[in-house]
Structures are given as C-alpha cells and as structure tokens.
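Colleague: Just so you know, the protein sequences line up as chains A, B and C, in that order.
Its first residue numbered 335, the first sequence is counted upward by one per residue in the numbering used here.
Its first residue numbered 335, the second sequence is counted upward by one per residue in the numbering used here.
Its first residue numbered 335, the third sequence is counted upward by one per residue in the numbering used here.
Incorrect hints may have been included.
No copy labels: a pair is met if it fits in one copy or bridges any two.
[Unchecked claim] Quick list of in silico lysine-lysine cross-link-like pairs, BS3-like style, CA-CA up to 25 Å:
id : residue 1 : residue 2
1  : LYS651    : LYS444
2  : LYS444    : LYS607
3  : LYS400    : LYS651
4  : LYS444    : LYS552
FYI, nobody ran anything at the bench for these hints, they're computed from the structure.
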Amino acid sequence: MSQRNPIHCQALKIEHPSSLSVGQKFQLDDVIEAQQFDRDTLSAIFQVTREMENIEKNSPGSQLLKGYLMATLFYEPSTRTRLSFESAMKRLGGEVLTTENAREFSSAAKGETLEDTIRTVEGYSDIIVMRHFESGAARRAAATAGIPIINAGDGPGQHPTQALLDVYTIEREIGKLDGIKVGLVGDLANGRTVRSLAYLLAKYNDVKIYFVSPDVVKMKDDIKSYLTSMGVEWEESADLMEVASECDVLYQTRIQKERFGERIDQYEEARGKFIINKDVLKAMKKHAVVMHPLPRLDEIAVDVDSDPRAAYFRQAKNGLYIRMALLKLLLVGW
Amino acid sequence: MSQRNPIHCQALKIEHPSSLSVGQKFQLDDVIEAQQFDRDTLSAIFQVTREMENIEKNSPGSQLLKGYLMATLFYEPSTRTRLSFESAMKRLGGEVLTTENAREFSSAAKGETLEDTIRTVEGYSDIIVMRHFESGAARRAAATAGIPIINAGDGPGQHPTQALLDVYTIEREIGKLDGIKVGLVGDLANGRTVRSLAYLLAKYNDVKIYFVSPDVVKMKDDIKSYLTSMGVEWEESADLMEVASECDVLYQTRIQKERFGERIDQYEEARGKFIINKDVLKAMKKHAVVMHPLPRLDEIAVDVDSDPRAAYFRQAKNGLYIRMALLKLLLVGW
Amino acid sequence: MSQRNPIHCQALKIEHPSSLSVGQKFQLDDVIEAQQFDRDTLSAIFQVTREMENIEKNSPGSQLLKGYLMATLFYEPSTRTRLSFESAMKRLGGEVLTTENAREFSSAAKGETLEDTIRTVEGYSDIIVMRHFESGAARRAAATAGIPIINAGDGPGQHPTQALLDVYTIEREIGKLDGIKVGLVGDLANGRTVRSLAYLLAKYNDVKIYFVSPDVVKMKDDIKSYLTSMGVEWEESADLMEVASECDVLYQTRIQKERFGERIDQYEEARGKFIINKDVLKAMKKHAVVMHPLPRLDEIAVDVDSDPRAAYFRQAKNGLYIRMALLKLLLVGW
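The following block holds chain A by itself, in its conformation from the complex:
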C-alpha cells in the first residue's frame, strides 16, 4: 500500500513481537516476500489458517469477504496458483476478476507501465494478486497501489505464499517446527521453493537441513552461508536412504529440464538420481512425511501416493487455507 515507509515489507510494525497474540490488531499491508514474516507473525497467520480449515459451506465464516473483489493479474500463466487463490476468495464469499494472461493485456502490449496498470486495476478491485515474470515487480506494484498486493510469484524472485504453505504443512504434519530435520532433495540450485523454505526454517530453533542433489544443481553458497550465520546445522549428502532415515520431512523437487538447455544428457543423469519410491519410504520414520511443491514428474513414484506419509496433495490443499487466511488478514484484519 502506498504512503508507507520504504521498508513496507515488514509486516509487523510493533516493538515487541513476542507480545503478539491473535485478537491484537497488527497491520499486514501486502505479501511480497518470505523474509517479511517473523516467527510470531508466522505463528499468528498459521492460527488463522487453522481456523480456515474448519469453515463450513454456508456458515457465517464462509461470508467473511462478502462484497470484496479480488483481481488476479497474472502476467504469466500459472493455473494451479490462480485457481488456489480464486478458490480461497470464493470460499470466503468474495468475488474475483480474472486475467489469465495479462502479458497480452492490450495496454501492456502498447507499452503501459506496470505502475499505470496497477493504478487502473486498483480502481476496480479491493486486492490484487499478481504474478509477474520480473523479479521485484510485486514490490513495485505495492509501492504504487493503495490496496493490498499479494505476490503470487515474480520471476526468479519470490513466491511467498508457497513458502508459507510449506512451513504450515510441516507444522501441521509433524506438530512442531523447532527441532525438526528436513531433507531438501532434487534441484536445489534453481528452485525458489527450497530457497525460501530454507530461509524460513532458519527462524526456528535446532533445525537441521540435509541437501541431497545432483552435482549440477547443488544448493548455492548464499543460502549455506545464511544458514551458518543463523546457527542452523546443515550438511550435504549423496545418500538419500541415509537422509530418509534421519528426517522428519523429505522435501522432493522436480529437476527442471528447461534449466539444462541442450545438455539433455546432464538432465537425464540428474533426473534419475534421487527418486523417492517404496524403498525410500521403508527407510523413513513412521511419523515422517514426503512433501513436494508439485507438479511432479517421476521423482516421486506413483505407488508412494497411497502411503499415509505422502503429504503432497494435503500440502497443495493447505495452499488454499493459507491463501484464505492471507486474504482475510489483508482485507478485514485479525
């Protein structure tokens, strides 16, 4: 929202975050990046998210956002994310204006700036959910808009609602965040998901992170240094079975073919290296879970789906609840 100080991405503007409790109003203006949330804010958001899980059809809660209008301004298509947000808005009684591919916006094609588009669209709606191909676009939109902006992914930048739903899912499935052990598997170099997750996990105590990835897509040094500086224990491993036996959460990701260009041989080698299958399940603890941001190809075998520890579809569903919570918080407050 406009007319705020430059570090407007600090969701929490009170002096003593530890005194935060639901019921006490604090301001959530926009959702721009995972880093804007501190531990107390996350905890408060997750409490609201939990309430969202229990809203029943045609109950008073299902009308919380009646009369509110959300515009989904997607400069690149992402049907899954768009449907999740639109479902969230409608489950709370709100309405939606949809743009499936705003890049072909006649006005954008004619050279209109993002700022002008935002000023126009904010005249038609109460909140804007934006996906863009450029890193930083969401922040620019928020600096212009007088209504809340939610970043639904801006290029190689951030996808904060994915990060929130991942952490929520871990807490929901494992029952805690302090003291957990998480194995991040697959493409750790290019996936913004695992990078954001690592960042958020660093806010909790006694967390241990394992990196399991083909050499060509290893976790980059910036995250490793960050974790070290935050006192988070981490290690790299090439032994998926060993890591599986240690972890509470095995977070698998897709090896992204588009990152390999013409090196199809490298892609094929990387892709087959760390598959989660029944054997891996056997090595895992009883209470542990497998997560994945979806879509998946064959990095998780289909016969894993029927195991109760396969949490990825529940994880996707949690995305709905997280987005319901954020829409509620941004539009009507705590």
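Put chains B and C on the given structure of chain A with help from the hints.
Modeller: Same frame as chain A, but now just chains B and C:
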C-alpha cells in the same frame, strides 16, 4: 468418485429401476458417458430438468447450490459448452473457477499427469466439469477424484450432456419418445452427437431412425448393428424430402471440413447435398421439429429460423436446464 | 433488443425530453453508439452514475443486480474494458460469464455467424457486453438479441461507454458542460475516443474546442464540419502552451504507432511533439484538468501524476461508475 466399484458409470444402483421416483434417493456419482443412463434414470433426470426451467431469479430455487464451487477444466476450448455449464452453476447460486485452456496449464506443459492435476483441482472445488482431447480422459479423472466429474466431451469419445439435452428436447417438443421417427442428416460418420443420440433412442419402444447422408460420411456399421440388435427399425435414404415428410424430428448436423483433409472437392460435394430449407419445411409435418447441435453453417437455411418448427435455439437453451439438473443431482441429490 | 423499429438506437422515445426526470421510466434498450444519447438522457444517466459512486459494500444498493448474469463476449482482448465491466456488474451483486477471446471461439472458428452466437449466448445470460473487430457488429447483435447489448468497442466504429465516461468526468471535475473549453491533443485522426467526445460535446452550449496535433494525425474534416453545423466554435493550434492556458480540460491521447506502418521516423516526430509535462501544468488554470483515455506512454510525463489536476486515473474509475449505471438502467430500469 473414488473408492467405488469398477463399473461406477452405472448411475443407477437400485435393484428395481421401475420403482424409481423422484424423491427416492439414488446415487448419481459422475456423468461420463451416455450409456450409463437407463430409461428410468433419464426420465427422472428430465423431471428435474423440467423443474429447472421454472426457477425464477432470486427465488429459493436459485440458491440451491449456494456455497458450492465448480471447476471447469477445459483441455481444449469449447466456449459454448463452457458458458452453458457456468451459466447453469450460477443460475443455481453456485460459483465457478474457470480454465479456458488447461492444455497450456503450466503443470500439464511440464508433464504432470491428468491424475495429479485432478487431485490438486479437487482440493479447490466441489465438482469438476472436464473437457479433454483424449477419449477416456473423463473416466480416468472419475477414477481418481473424490468429487463428482462431468464429462463435457473427451475427444472422439463421449459428450453425454449433449446426448441428454437432445433426448430431452425431443420429449419436450414432441411430447413422447416411444414411437417417434427421427431423421439423422449430414455427417453421420464423424459426429459423436448422432452416434450418442442413436444409442439413447434405442432405449425407447417403436422408434424408427432414418439415416440421410452423403456417401463419404455414412453412419458406421457398429451403430447399425447395435440398433438392429436392440430391435430398432432403421433405414438409409438419399431422399431428404421423403424422410422429412415421415419424421417427427429432423436432426441436421454440420459436415466437418476438417475431416476431409485435402479433399476439398469431396467436402464441397457432401456439404451442399442435404440442406434444410423452406421446401423441406413444407414437406414436414405440422408438429415435427428441426434440431441441430450447433454451430451451423449453411446446412440449415437462415430463413428456416423464423418457423416455429425450428427448435435448435430452444435445444441449445435446454442444454442449460439439463446441466442445471445434473449439477443439482450430483451436488445435493434428488 | 429485437422487434423494435430500425432506429432502435434512439434511447429516448418520449416526446418531450425536457420533461424527463429520474423516477420517470423511459426505455434504454441497448448501448450501441454515442449518438443515441441526447442531452437529457445523458443528464439522467449521469445522475444515476453519481448514485453509483456512493454505493457501499454490503449495502442494499450493492445487491441491485443480484440474480442477473452478464456475458462478456470479447472478440478481441481488451482487459481494461473487460475488467471495468465485470467489476461494475459484481459491485452491484450480479454475476459474470467471461470470454476473454471469443474470436478463437470454436464455433466462430468453424464459421458460425455472429447472429447464431448471439442467439446461443442470450440463452445463458441476461445482458451481453460485446467487443468486436468489425464496425457495426454491436448493431447487428442488438438487432438479433432479445436481451440488452452493450457495445464495448466495435473496431474503428464506436466505444460509447468511453465517450460517456469522458463527458461524465468533465462534468464531475469542472462542474459544468455548457461553456467549457476543451483542448484535444495528440492523435486526432485515428482516435475514436476524441471523435466521439467532439460529437457529444456538440450537444452542449457555448463549447469551444481546440485541436492540437501533429500534421500527420490532424482531426478530420467530417468532425470539423459537424461542429460548425452545430454552432460549436473550434480552432486548430500548434501552440500547446497557449491552449493549455485557455482550457478547462486538456484531453491528451496516445500517438498510435501501429498507424504509421514503416514510417517510424514520422511516428517518432509526431510522438514527441506535444507532451504534457510540468511546464504545461504551470500554464494551465488552477481549476483545469488533464484527461487521457489510457494507456499512456510518455505523452504525459510521470511527474504530472502527483498534481491534483491529473484526472486520468479518476477518469478510469469513473468508467466503473458509468458502467454500473448502464447495467442498472438496462437490467432493472430507472
């Protein structure tokens, strides 16, 4: 819906279908193919459809599906069918999540299976209306989903709601289905519409079907054999005027250019052969009607539109009522 | 709407328009072209528009169109206009069926006539908002449809709701329409916006219009002759500062690159000629305003935005209120 027996396409699971009456609950899980409906189920659905015609704006009936969310998952565009379903849902107070072209779904493009997509989308909605380019896709979706699936056309396979609205229109316009004479005209080889219609008509008594088509697009032997096995009288004719004078219903279809490839000459010849115009109208009985699944090109002359026997736009409107009835039955039951 | 006399575009069918007052019912059937509105109708529409500005969330007014369904049938994309109409409908409690790109309509692609498409879509909705690439398409649709049609732009033809919102904005910002001085700047040859605006301004008394444009895109003679015949004073000027100092409204428009073909040099020359910047603002009167139909490129400098006389984003917002008023008038009357 999942966890059901393999022949889940049997809509009717009671022992004595003849005892069926509206008010008595029987289960309609999914709408996958025309064959799943027997005569009693059709009759019951048509009774609900008739009620849908009389629902007025802002009446209690117009809120029957309040709080329910339908996802339209269209892997190929079909604006007409999509709008019809979305109108049906909204006329009953329900809400809609739209995907105009799910084939370009980022996740489908990345190689996600249909099953995974369904598992995600069912987390966001209460019912999925799906159009797909592959025969059998709707059945696969229904085998996966825990919520109802409606097949809105799967490639060369089925388009059951079109078949239902056709039969409903005949009953609505002529007043009966037993004993009727129907002329199927045009492209009988490629049109899934006429094939499904022939299949459904075979469930009624003393039906006679005439096939009137250019030689290159004649009705295929499988349907002819099926009709014979069911005791349905049929004949082929090249005399449209003669057939027109005999029939209760003249069901015209479009000759599909795309089926002829480079044989434009054959297309042009086939296309002009059996046009319904004022002369044909003159030959028809007073109570008879002209039907067409639309869109039409010039196989029905425009000046036929003003004749009260031109039923094709009423037929399109009946599609709305049939879809309202199916949505109601699948979501809240009888 | 069908079954009306050929000059159905006369919105006002009463003998003594001067006796018109809101509360008295007169018929608005369709919105096809700016010329259909006379001064009294405009005044009445603007009065309703003003009421629309004051409708609050979840007030009774916000439910005026509950139960009504609007279809947006866009044969070419125009996200801005589409969102404005859809927001208007939803702000009044109505529902929307969307077609972002009806040109790719499977049925249109197969050769269906506009008339047949309209007959089908009117079965699904209560009002159709149509954008088309062909001049006259909206009139053809209105001649066919039994429900109201709103023209949201038909090719080089008309865009009447833009014209209405422009005039409304002038009255809203300046407080009057009689006696105003308006400078039309930029591409006056190709912009349908300024042509419609000139046409509507001619209905008021003592209006003076200045044309300020590069030579290659000067206002055409038909409008000049029309203004003269209506007794409207006009002059051409190459001195933007002089005009700025005289006017109540400076209406800037974008030089449309696509009109210059390969003559990029001409485009570049035309484009930089009449920029509205801080210097121009200084020359302007205190009460005067800058308007623009948007999107803008650099024909208005960004640092003008913060001046209270920059009215273009308020103007865009007024488009929402005008469309709310028209939807109300067409669906439920005065």
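Colleague: Compare the structure with each hint and give your call.
Modeller: Verification of the hints:
1. Within a single copy, LYS651 and LYS444 get their C-alpha atoms only as close as 38 Å, which misses the 25 Å cut-off; across copies the closest is 20 Å, which meets it.
2. In the homo-oligomer, the alpha carbons of LYS444 and LYS607 lie at most 25 Å apart only across protomers (19 Å), although the nearest pairing inside one protomer, at 46 Å, exceeds that limit.
3. Taking the shortest Cα distances, LYS400 and LYS651 sit within 25 Å of each other both inside one copy (22 Å) and across copies (22 Å).
4. Taking the shortest Cα distances, LYS444 and LYS552 sit within 25 Å of each other only across copies (21 Å), while inside one copy they are farther apart (41 Å).
Violated hints for the displayed structure: none, as all numbered hints are satisfied.
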